[in-house]
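There are 4 protein chains.
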Amino acid sequence: MVSASKSTQANAPIRLGMVGGGQGAFIGGVHRIAARIDGHYDLVAGALSSDPVRALASAKELGLDRSYGSFEEMAKAEAARDDGIEAVSIVTPNHMHFPAVKAFLKAGIHVICDKPMTSTLADAKKLVKLVADSGRLFVLTHNYTGYPMVRQAREMVAKGVLGDIRLVHAEYPQDWLTEAIEKTGAKQAVWRTDPNQSGAGGAIGDIGTHAYNLACFVSGLEAHSLSADLDSFVAGRRVDDNAHVMLRFKAKGKAHPAKGMIWASQVAPGNENALKLRVYGMKGGLEWSQEDPNYLWFTPFGEPKRLITRGGAGSGPSAARMTRVPPGHPEGYLEGFANIYCEAAAAIRALRRKGGRIAKDVVFPTVHDGLAGLEFIDGCVRSSKKNAAWIKL
Amino acid sequence: MVSASKSTQANAPIRLGMVGGGQGAFIGGVHRIAARIDGHYDLVAGALSSDPVRALASAKELGLDRSYGSFEEMAKAEAARDDGIEAVSIVTPNHMHFPAVKAFLKAGIHVICDKPMTSTLADAKKLVKLVADSGRLFVLTHNYTGYPMVRQAREMVAKGVLGDIRLVHAEYPQDWLTEAIEKTGAKQAVWRTDPNQSGAGGAIGDIGTHAYNLACFVSGLEAHSLSADLDSFVAGRRVDDNAHVMLRFKAKGKAHPAKGMIWASQVAPGNENALKLRVYGMKGGLEWSQEDPNYLWFTPFGEPKRLITRGGAGSGPSAARMTRVPPGHPEGYLEGFANIYCEAAAAIRALRRKGGRIAKDVVFPTVHDGLAGLEFIDGCVRSSKKNAAWIKL
Amino acid sequence: MVSASKSTQANAPIRLGMVGGGQGAFIGGVHRIAARIDGHYDLVAGALSSDPVRALASAKELGLDRSYGSFEEMAKAEAARDDGIEAVSIVTPNHMHFPAVKAFLKAGIHVICDKPMTSTLADAKKLVKLVADSGRLFVLTHNYTGYPMVRQAREMVAKGVLGDIRLVHAEYPQDWLTEAIEKTGAKQAVWRTDPNQSGAGGAIGDIGTHAYNLACFVSGLEAHSLSADLDSFVAGRRVDDNAHVMLRFKAKGKAHPAKGMIWASQVAPGNENALKLRVYGMKGGLEWSQEDPNYLWFTPFGEPKRLITRGGAGSGPSAARMTRVPPGHPEGYLEGFANIYCEAAAAIRALRRKGGRIAKDVVFPTVHDGLAGLEFIDGCVRSSKKNAAWIKL
Amino acid sequence: MVSASKSTQANAPIRLGMVGGGQGAFIGGVHRIAARIDGHYDLVAGALSSDPVRALASAKELGLDRSYGSFEEMAKAEAARDDGIEAVSIVTPNHMHFPAVKAFLKAGIHVICDKPMTSTLADAKKLVKLVADSGRLFVLTHNYTGYPMVRQAREMVAKGVLGDIRLVHAEYPQDWLTEAIEKTGAKQAVWRTDPNQSGAGGAIGDIGTHAYNLACFVSGLEAHSLSADLDSFVAGRRVDDNAHVMLRFKAKGKAHPAKGMIWASQVAPGNENALKLRVYGMKGGLEWSQEDPNYLWFTPFGEPKRLITRGGAGSGPSAARMTRVPPGHPEGYLEGFANIYCEAAAAIRALRRKGGRIAKDVVFPTVHDGLAGLEFIDGCVRSSKKNAAWIKL
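Protein chains in written order, with the working numbering: chain P, 24 to 416; chain S, 24 to 416; chain D, 24 to 416; chain Z, 24 to 416.
Check before you lean on any hint, since a few could be wrong.
A pair counts as met if it fits within one copy or between any two copies, since identical chains are not told apart.
[Stated by the list, open to error] Okay, derived cross-link-like pairs now, SDA-like style, lysine to any residue, Cα gap no bigger than 20 Å in a straight line:
hint : residue 1 : residue 2
1    : Lys-275   : Ser-255
2    : Lys-148   : Gly-339
3    : Lys-306   : Trp-199
4    : Lys-83    : Asp-65
5    : Lys-182   : Lys-275
6    : Lys-277   : Arg-260
7    : Lys-129   : Val-151
8    : Lys-129   : Ser-255
9    : Lys-83    : Asp-61
10   : Lys-277   : Ala-203
11   : Lys-125   : Ala-155
12   : Lys-277   : Gly-259
13   : Lys-306   : Glu-202
14   : Lys-299   : Asp-315
15   : Lys-409   : Ser-248
16   : Lys-306   : Asp-105
17   : Lys-83    : Ala-33
18   : Lys-273   : Ser-255
Rather than coming from a laboratory, the hints here were simulated on the basis of the structure.
Just chain P, with the same shape it has in the complex:
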């Protein structure tokens, strides 16, 4: 990897900027807490809205001195400062990710970017090259990979505790788009159901990618092909609000190839953020639910089901790295999100030293995961248009 761009004490907080996340946004506030909770970052600059008035007001509210009217301006100005930002968080609507990421990479600034990485597959492919060329870090906040028990699950699969994996089932049902609230002007609903801002995928892009990413992250498998049946149940909606997907994974060695199902929905009443993952192998099964994230259910085939708790008995080093408080004291969404920021911080600090290397146990979603996500969205949209024909990924 490359050397650090600016001289800074090895363990000092990282100077962070933010693009997007102004008043009325949701995910920006989450990123800010995630950056703050463990003290690894100082948020010092922002271009918090594409509307300059809102940008300034938002910056003031946050006590940010360095507020910019555009990300281009910000990238340029921060790169020029001695105390400029070392990393930037991109938390705009999807279609703005690509140009913003590009600007900061070119300015030599590490990037932490919300998902999906881009709004088109073409941009995703370009970004892979841009990242490689930049020598900067690109961290994608597929935040569910930051949950300790997700790390635990991944560790168990990698260690062979489940044997060859046969089945991976992931689902992410919500209910907040059961009615056509985008017509009432609800900000979150408006941009997420607008293909110009969110990309071609609706539910499949917004939450289906999370389910898919989680399935691959834990199982260690890569998808071979998929068959998808997307639908818009709400009259007049321009993107899918429900997705049924069948998956076939690439074989690992001589094992029989695994298969999977993914369900993503925004019209399933009674579901808030019911992301759930189930993985079954020849020797055992795992179940995890985002809404109860401190629990991992593990059944060694032929033995009673076991409840592994975050930091409790049976929980290993991968989870321990991501744990702040004792078992029985639940950690949640923000801590999981913050874990991605912790990993990013470890990586960024490692790169502060000339020739510094990122430790092996530091794990975060990269531009390759982002590309896989876009290939998944694109594949689902194409498959669905062809009556759920199989699409090779």
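With chain P fixed as given, assemble chains S, D and Z onto it according to the hints.
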């Protein structure tokens, strides 16, 4: 409907025979308890095994005086007796259902038959005609439709509590065939993985049909078409042990057609009989799990999730009809199974009277449900062979 | 033990009578199903109500030929018949248990009796002697001891899996007496809140005894003393509707004596029959809930919690004896109740043979458990009157 | 209230100090995250250990410039600085709370103090006066009162949704002291089982107070008297490791006085931090569990149980104030803890203005709650010594 075949007091227990269910069988014992628990039947005759020695030994063990060496002999002899059986339970492996059912219908005896109804779609079609011609009852023990909270769910959907239905998700994972136990001679595994005895479907026929039947029973919808990806994960297994299915339902009126997913598996460690149904409409959602059958989760969209318990507040007349003990005292699988026998008894007793009519609230799976099940199995097998192409049902 | 009273084939169904349980009763119907479900009994005689008209109507409804106007008459007449009943179920309100039991024991007929055994401690003590003198069986339907996973828990404690027991917590909250429904004439509420019919204890006698019995049954401990704070929260109620009890158990060997808590309530909204038991020892803990009876939670200290299912992995011979269907197919309250009838049947059949002995693994609550229950009720009532002073049992 | 001690911009972060919480401590780290997560505080000074070497090393690790060798020195020095701390967090073992709190109050610095407030009742009483005299804020981190759904429960009780309260059951079982780990030198176990450091109560002081505080906080009731049976199950342990308590509350108006039970244990295998609260009134019941804190179970009497989720339907303004992310994205222990720091920040900022008033909806545990906690501990210890005699509080 037809008149009663033999004069019997209106409320006297029904004289019942049984075909199959001898020593070493599983489901026969379940049928016997189901017939006995509410006192509606007297088991008086049986052809309990195709092996005459085992048949006799089994009959002796059960204290049955009238033991026959074959079902043909039994049908003939019982039809000739004044105190002959009024109904027969067919609990053999699948491939023997059709000839046995036929023999008893021809002998004028009501039939209660285990599922799947036949081992081929062709036989299922023939059976529809045979039943119509016979004027006898044909009751298929899709026993999960007997659970009180399944009835409750069905009633709520029918009353429009959920609004137009959009999504129906059913799954039935098990783990008992995770390893190749059919090679060890385990009786249940041997016949269920032998296409000559079980039919072309493995998991899809054994448990997938239950999931499908439940999905249709509760939602009141009919499937329009399906896309299925079946697999045999255990080397050398001759039938599927895992099935992924995407469903499209026929539109009801002007409503946007509903969609669904079905997953059936016998290789998912940590699952015993984890049949689960979820139904989502425009106005609410329902969730039910066979392993915790006294609970029905209901979310009216925009309100807190509610837990309706069997016989408790919020539970209506359809569940009350099927309930024996107060809420908080769990009923289980046997009571649910017995409820089908209760419905059958009500129907059989109604037909004892010349011109008797079956009351409207008596509900049980019929030959048409059996046919739908075979069309589903056949469709899944065909679709899977064509790389999960859509098959119209 | 004594020889069988009448010659009957060893495995023939047992001729059973019933006292109480006529129209409008609850527990009588439960006993009848419990007796019928496994085919071990034929109900042939009854004195189903203290009201002769209702008694006759109830008998007719059940198809019982031998209906008596009083239990005295029934005991006499049945004892005199060659085909007289071998056992009788006593399912009247509590205050009638003692005279009825006495009459049948004196007539040489085995007794299965609902709990609490008597309405006074004095009667309970007399009954111990009566049973001993009679040479007949006395089976008390503390039905929760019939649940397979309760047997499993007891087996694990007895085998030392939990080490020395330190804590036993049992609770049985209900909510059906939250309001003064006894004033509306609700039959179940009227007699259960009438000290002349139920005895001095209300909730403590009706359900507290179940919790106490379960605590002792599973832990294998005997209570040393108790401190109880009973209350009647509903204005005008004549018996307690809520009970808080602290328990001290007798030391077992050199172990530090265990302690416990019992809570019984009929005024806790949201609780149906939420009987729950928790047992903690030096080496592990167990948790069981009546409303989800197929699950037993077991934590070996320092290891992950395990879910043992009825008949599943980790479930031993005591549970297997009480199990009818495979794991994942729930059994419930009626099967648990029936298990007591199965044990009684095994015992009665053993005694049919001259010099017959009851097998060691046949376990059921006896007159001694009944006495312990009355000592518990009496102790709680006395303690509460003395401001929760400790009462030695 | 008093005027602000030092001129600071109204919304600027609060300058915070910390006493205790150095290397090897547990709760100090929790306080630091709680202070940091929402950006309301800057930690700028500390006396992090009574061991000066460890204090300095700890400060260095945290990047703290102002490290003191003792809290006395720190209080004096900070009070003298223009940019001195406005508030201090006291996170030492219990016996050091009193002198440290006293020193900072005398220095005119607001105090945030861990619980139990002091190690003796006498000190607690003195502290009430000291706080009153100081005009400074005293915030006790009974952190469970910061959980949104605890606030929701309290709001529902206060609004009369449950009607008159009858029963309050709280329990807090753990298992980490099942064995005598204090003999192995485990730091947390050593001081918590040493009466000189923890006070006379063991489990009752460490976690029983949490349960008691929660019971009172939600129910709005005050205890009238208690009967406690404490025990030390582990040989040689010098403080209780298990506590059984019966409670009687003071009557509210003409309502029948409520009662309760409290169980605290550190020797119950399978329990991590299983704090649970149940409140039952004439019109409904509530259940909440700390390990699943985003859920509140509410049963209006006679209706189905409802699941209210944090921020979801049915969740009111008290919970909304304490909520950062949408329903279905779990918040946990740290967010709940941070909510106390948010309330403290709101109060401290209000007092920055001369004549500033704390808003009515700002709620946090005060010195009076701390006194109630010590009265509870003291009462339990005294009651237990008198064989669980009733002690008036």
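Hints, one by one, checked against the model:
no.	hint	verdict
1	Lys-275 to Ser-255	between (35 Å within a copy, 17 Å between copies)
2	Lys-148 to Gly-339	neither (36 Å within a copy, 46 Å between copies)
3	Lys-306 to Trp-199	between (38 Å within a copy, 12 Å between copies)
4	Lys-83 to Asp-65	both (16 Å within a copy, 18 Å between copies)
5	Lys-182 to Lys-275	within (14 Å within a copy, 45 Å between copies)
6	Lys-277 to Arg-260	between (44 Å within a copy, 17 Å between copies)
7	Lys-129 to Val-151	within (13 Å within a copy, 61 Å between copies)
8	Lys-129 to Ser-255	neither (39 Å within a copy, 50 Å between copies)
9	Lys-83 to Asp-61	between (23 Å within a copy, 16 Å between copies)
10	Lys-277 to Ala-203	between (48 Å within a copy, 18 Å between copies)
11	Lys-125 to Ala-155	within (12 Å within a copy, 59 Å between copies)
12	Lys-277 to Gly-259	between (47 Å within a copy, 15 Å between copies)
13	Lys-306 to Glu-202	between (43 Å within a copy, 9 Å between copies)
14	Lys-299 to Asp-315	both (10 Å within a copy, 17 Å between copies)
15	Lys-409 to Ser-248	both (14 Å within a copy, 16 Å between copies)
16	Lys-306 to Asp-105	neither (55 Å within a copy, 57 Å between copies)
17	Lys-83 to Ala-33	between (30 Å within a copy, 14 Å between copies)
18	Lys-273 to Ser-255	between (30 Å within a copy, 16 Å between copies)
Hint violations for this structure: numbers 2, 8 and 16, all remaining hints satisfied.
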